[in-house]
Every structure is written in C-alpha cells, then in structure tokens.
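Undergrad: Sequence:
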Amino acid sequence: MSEQGAAERRELESAGWEPKGEGPKTIWRSPDDGRWYAHYQAVEVQRKGERGPEEELLLDERGFERGTPDGTPDGGERWVKRGEKPRRLYIRSKALKMARRGEL
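Read left to right, the sequence shown gives residues 5 to 108 (my numbering).
Worth flagging that the hints you see were computed from the coordinates, not collected in a lab.
Each hint should be verified, as a subset may be incorrect.
[Claimed, not checked] The calculated PhoX-like cross-link candidates involving lysine-lysine, where the alpha carbons are at most 20 Å apart (straight line), are:
#1 Lys89 with Lys52
#2 Lys85 with Lys98
#3 Lys52 with Lys98
#4 Lys101 with Lys85
Sequences are here, hints too, so could you generate the full structure?
TA: Dropping the structure here:
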C-alpha cells in the first residue's frame, strides 16, 4: 500500500468509517448513513464533509457548531458543543452519534 493510501486509510478509520477488505479493493461503510463506498469515493465524501439537511438541522438543534481546525494530520472537520467548558473538539461522526442519542 502506498504512503498516500495508508494515510487515507488512517483518515477514514479515525473518522469512524468501517473497512471491508484490504488493498485497492477495500470498500468503506459510512458512519453517517451506513452506505458502502469505494475507497476513492469514501475519501471524497469524508473530505467534502457531505451532510444532508437533516444532519445539519440535528447538529444545530443539539447545540453543535463547526470548530476551528486543530491542525491534525487528517485535516478532518471538527465540531464543538456551544457552551461546553472546556471546549472539546469532536469529529463529525462522533458529534452526529452524540446528537442522535440526545447527549447535550
């Protein structure tokens, strides 16, 4: 596996994506919608941070907002809870799981 492929794999795994298979034929299950994606598609979806309107509304209703980038190597977006002290950064998939469970 190339260095780029290994870095992309770490990025997806840290964001909660579930791999199936190894190497170039790996497919990935989205932590958000449970759909399976080819590796290149999963990387694109993760980096674009694609969310449906229902996810945006859920995050907003549960008090989450985009945080400032924290300089992590994966470059993923981070979310914070409004009013939380100290402010903790959450990856999008973790923020969505918390919002769906109603953790405030």
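Undergrad: Which hints, by number, does the structure contradict?
TA: Failing hint: just 1.
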